[in-house]
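Here the protein sequences come in this chain order: X and V. Every number in our numbering is 11 more than the matching position in the first sequence, counting from 1. Every number in our numbering is 8 more than the matching position in the second sequence, counting from 1.
Treat the hints with care, as some may be off.
Partial list, derived from the structure: chain X residues whose beta carbon lies under 10 Å from chain V [said to hold, decoys possible]:
1. I81
2. M119
3. I146
4. P256
5. R263
6. F506
Think of the hints as simulated: they come from the structure by calculation, not from any bench. C-beta atoms are modelled at their ideal positions from N, C-alpha and C, and glycine is treated no differently.
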Amino acid sequence: MHCHGGGAEAPEARSRIALVGNPNVGKSVIFACLTGRYVTVSNYPGTTVEVARGTARFNREVEVIDTPGINDLIPMSEDERVTRDILLDGVDVVLQVADAKNLTRALMITLQLGEMGIPMVLALNMIDEAAARGIKVNARRLEEVLGIPVVPVIATQRKGIGELVASLSRARPSKFSFTYPPAIEEAVREVEALLHGRGNRALALMLLAGDESLSAWVHERLSGEEIERIERLRTRLERRFGRLPYNLARERHRVAEEILKGVLTRVLTRHSTESHSLLVRLGWLTMHPLYGIPILLLVLLGMYEFVGVFGAGTLVDFFEGVVFESYINPLATEVVYRLTDVELVRELLVGEFGIITMALTYSVAIILPIVGTFFLAFGILEDSGYLPRLAIMTNRIFRFMGLNGKAVLPMVLGLGCDTMATLTTRILETKRERVIATLLLALAVPCSAQLGVILGMLASLGAEAALVWGGTVLLVLLGVGFSAGRLLGGERTDFVLEVPPLRIPQPGNIVMKTLARIEWYLREAVPLFVLGTLLLFVLDLTGALGLIRSAASPVVVSMLGLPPQATDAFIVGFLRRDYGAAGLFALASQGMLSPLQTVVALVTITLFVPCIANTLIIVKERGIRVAAAIIAFIFPFAFLVGSLLNFLLRSLGVSF
Amino acid sequence: MRVHGTKKKRLEEVLEGIWTLREAGGCTLEELHAQTGEPITEELLEELQAEGMVRLRGEEVELTEKGERLAREVVRRHRLAERLLSDVLELSESVAESHACEFEHLLSPEATDSVCTFLGHPPTCPHGKPIPRGECCSKLRKEVHPLVTPLSELEVGAEAKIVFISPRRHSTLDRLASLGVVPGSTLKLHQRSPAYVIRVGELEVALDPEIAGEIYVKAAVKQKHH
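Turn these sequences into a full structure, and let the hints guide you.
Right, here's the structure in full:
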């Protein structure tokens with residue numbers, strides 16, 4: 012850990028400032044004000060939590076870190092854990108950003124930061140919005156009480172930023188202190204003594220609160236006996252007070268309200284309760300039981316138009332049809348043929364399963380435009396504050412599947428890229444929920460690339476075919492979700508979700524996020540596509556592809572009622588979901604599939620095993636056993652549903 | 009009469025001790041001695057056995073059917089009193105606790121049910137232990153107008169003060185507390201469907217119906233602004 016305060020700082024060490032605050036208080040905007048263009052966004056090691064770092068030039072260079080929003084330093088989510096870890100790791104100054112409308116919550120964190128003893132500054136953001144609601148904050152008084160600089164700002168208008176920067180040099184640990192009930196204080200003193208200066212009051216409280224995310228930290232530094240003693244103290248407190256994190260938070264809440272009594276004045280303006288801006292009213296409509304539904308459909312339609320039609324249509328046509336087919340691939344082929352006459356190398360690079368002609372064409376020309384437009388749309392939804400409302404609207408459906416509304420996030424993301432979505436299932440709280448969500452993503456949520464091809468084929472068959480396809484997939488999603496929820500037992504976790512106000516997103520912030528995600532895609536997913544293509548190349552080369560083909564074709568022909576050539580599409584689909592769909596597309600356009608066969612084939616390929624990248628991520632995230640179980644279920648299940656559909660449609664005489 | 013009262017009180021203390029220990033796993037004589045403040049004399053134990061309230065099985069102390077019923081009532085009175093004193097009257101923990109220890113011996117069955125109804129039939133005490141259900145809980149008699157109701161019974165648009173939160177899972181408490189949803193805060197119920205949305209301060213929070221049923225509130229009296 013760093014040493015704070017006192018002593019001269021080594022000149023070569025850049026000081027680090029961490030922006031900390033509740034969610035949706037404008038940290039990112041202040042971050043942008045401080046750092047300008049010199050920003051990198053990356054995942055915090057071992058997590059999917061994005062942390063932005065930038066450089067600010069005040070009188071010297073300073074590293075500024077934008078941490079994820081928190082409500083408590085005893086973490087209840089991965090986001091909160093990342094922020095807590097950044098703080099434990101040692102920062103020189105904390106710049107806490109508060110929503111001036113909501114100071115109680117902000118002060119609950121301020122009090123915890125005070126317990127950590129880190130030099131800090133408090134920015135009262137959105138002071139204008141607070142004033143509009145009749146809340147007047149006496150910043151001078153608050154500064155006196157807390158003993159830290161308190162600066163009112165309006166970040167979106169860059170007001171007060173100069174003062175804020177100037178105040179950073181006056182940053183110091185809050186002098187405000189308060190005590191918990193005597194029994195707790197006594198235990199804190201004991202733990203602090205055990206820590207021998209290896210941690211402070213805040214850490215002692217976290218340990219007593221039974222913060223499991225600290226166990227690695229604890230085992231590194233404390234002996235078994237010391238841990239045992241802390242554990243005994245903890246159980247004793249818990250028996251006496253009940254749940255400790257709750258009691259601590261409740262106490263802080265009380266103290267915060269007490270502080271604010273001398274700092275806040277509420278002027279009851281006639282308009283403060285009645286007049287609501289258009290955005291506030293729209294915000295209510297988006298979660299209204301009735302009006303929320305058309306809004307949700309409109310949002311989905313907008314996403315479809317932008318990602319499905321513009322991204323997967325216009326952009327892909329351009330990149331694949333023009334850039335790659337007409338320029339890059341012929342050029343690459345020519346160059347490779349001129350450089351080498353070894354057939355194997357030529358095939359490996361520019362052949363049917365070539366790294367350039369297949370892997371790169373596929374990942375850069377087809378997937379990148381789709382994923383890029385999707386990330387852009389997703390970023391807008393994220394920053395506008397719509398996603399939590401989407402979770403509210405869909406909560407009931409997910410409850411049916413043993414999940415809760417929060418699971419809508421990975422599901423929507425899955426419509427973009429199942430691989431990335433599988434990573435974000437980490438936002439779900441229990442292992443059980445993560446397994447269910449991973450299974451559903453792998454089984455029944457088609458990614459945008461696959462969806463593009465499928466929707467294109469369905470469009471030529473008419474609405475009924477699309478309805479049967481969509482209905483079957485949806486039925487499978489709900490049915491499997493419901494059964495998995497029951498089968499895995501265990502309890503659903505609570506749906507307690509903060510609903511941020513609707514906001515007009517800041518374009519700069521969205522561009523930054525989208526670029527960071529595209530960079531992630533290029534770095535993480537493209538190598539997997541190359542790997543998948545290589546595997547296919549080897550299978551083809553060794554003749555294994557032919558063997559699999561002849562083994563699988565009876566199932567495809569007899570049960571699904573498809574022509575033997577369709578087997579190829581499924582084998583390719585093994586490695587890349589949507590390329591399988593594209594194989595079916597080729598068959599259909601050659602007139603080898605009847606409308607009925609097309610629908611059956613599309614349903615089967617939609618449910619069929621996820622792409623290789625997704626499979627690898629499932630193994631990495633859920634472990635090999637869960638991954639194997641998921642694949643072992645999906646494989647026969649997809650064929651079973653396809654066969655049933657085939658049988659049902661034929662017996663009903665439906666031919667579309 | 010006085011003597012009788014004191015003895016009854018001591019018997020009840022022991023019954024309560026057995027019940028509490030049983031919740032934590034089991035009740036041996038040794039633990040029972042450690043649990044109850046006063047020494048448990050041979051005489052007291054014999055008395056309990058003679059009254060047909062308690063059975064000894066080796067070291068294990070068990071409640072008979074009769075003892076079970078009495079213990080249940082004592083525990084119920086104690087824990088309801090805790091809720092009343094700490095959440096509604098907002099007395100400090102130690103004061104509430106000592107008063108609750110008196111109340112458990114005083115409340116008549118009618119008064120107990122009234123308190124229970126008044127508090128909206130709380131399922132747990134402030135320490136999270138279950139309050140044994142009474143007859144009033146199943147009948148949901150409406151004669152006593154409950155002062156405290158679950159959030160799920162609040163009207164949309166109404167404001168209320170949180171009196172206590174009694175969740176099935178304790179982690180719910182931490183999560184709610186970190187959002188400022190704690191006893192004493194004022195909330196406004198914004199909508200019920202598709203999920204509950206409440207406003208606490210300037211913050212909107214969405215909740216499952218189950219959790220809304222676990223937050224007990226006292227509806228605010230409408231104040232006229234001058």
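Checked hints:
Interface restraint check for I81 (chain X): the shortest CB-CB distance to chain V comes to about 8 Å, inside 10 Å, so the restraint holds. At a threshold of 10 Å, the smallest CB-CB gap from M119 (chain X) to chain V is about 7 Å, leaving the interface hint in force. Given the 10 Å rule on beta carbons, the hint for I146 (chain X) holds: about 8 Å separates it from the nearest Cβ of chain V. Checking P256 (chain X) against chain V: minimum C-beta separation of about 4 Å stays under 10 Å; hint holds.
Interface restraint check for R263 (chain X): the shortest CB-CB distance to chain V comes to about 9 Å, inside 10 Å, so the restraint holds. At about 4 Å, the closest approach between the beta carbon of F506 (chain X) and any beta carbon in chain V falls short of 10 Å, and the interface hint on this residue holds.
Of the numbered hints listed earlier, not one is contradicted by the structure.
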